[in-house]
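Required output: the full structure, derived from the provided sequences and hints.
The sequence shown begins at 1 in my numbering and counts up one residue at a time.
Honestly, the hints are just simulated from the structure, not real lab data.
Every residue gets a Cβ at the ideal spot worked out from N, C-alpha and C, and that includes glycine.
A couple of the hints might just be wrong.
[Unchecked claim] Pair by pair, the computed Cβ-Cβ distance ranges are:
hint : residue 1 : residue 2 : range
1    : GLN137    : ASP169    : 33 to 41 angstroms
2    : LEU26     : GLN128    : 21 to 29 angstroms
3    : GLN8      : ASN40     : 12 to 20 angstroms
4    : TRP64     : GLU10     : 30 to 38 angstroms
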Amino acid sequence: MLNLQPLQTEHLLAAVELDQSCLGGLWTLEGYRRELESPNSDLLGWIRSTDPGTQSIVGLGCLWAILEEAHITLLAIHPDYQGQGLGQAMLYALLHSAWQRGLERATLEVRASNQPALSLYEKFGFNQAGRRKAYYQNPSEDALILWRNGLHYPDFLETLGIWRQQLGDRLSSGSNLISSAILSEISLESLPKISSEPAGNIQGLT
1 MLNLQPLQTE
11 HLLAAVELDQ
21 SCLGGLWTLE
31 GYRRELESPN
41 SDLLGWIRST
51 DPGTQSIVGL
61 GCLWAILEEA
71 HITLLAIHPD
81 YQGQGLGQAM
91 LYALLHSAWQ
101 RGLERATLEV
111 RASNQPALSL
121 YEKFGFNQAG
131 RRKAYYQNPS
141 EDALILWRNG
151 LHYPDFLETL
161 GIWRQQLGDR
171 LSSGSNLISS
181 AILSEISLES
191 LPKISSEPAG
201 NIQGLT
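The structure is reproduced here in structure tokens:
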């Protein structure tokens, strides 16, 4: 079963393993522990449970709450699970956390060549606001700075509701054998719920 949930102490070693395979060792074990303990961080994971007591992590996401801003510092999905909507669901959950905290806008950085990630962020209303030259190493590459405003506006709550509905539709249907096998494990109840019903005329994830 796959559940999207806040990480706990027992998940940290698995988080480091996924970090090393997807991000080249961005954060250490102590780094993840600090995020877990910080009241200003939300650290989420896609947790895969198989046999009793056996868990692995196939996705990670983290945001920092700094003043009125949500800084999305981490979003990674295991290569075997990419293209199934798990990244969309993680970004939705992070923005939902930002809304719950009463934050007004969200920001993140992404490699300029990472078109799949850029497409994902654009679906969620992020816009390019700047560029950091040679920000990334191995290989050296510019970082694009993206912002998503209006998290505190009333219509953002409606947008969250529509996103959740669309994600639920995607996560409950697979187009091939691999995706069907993965999606059959996903608990749709683990998607954060919204307190109001979706409204019309709000931009969706198409």
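**Study point:** Violated constraints from the hint list, given by number and in increasing order
**Key:** 4
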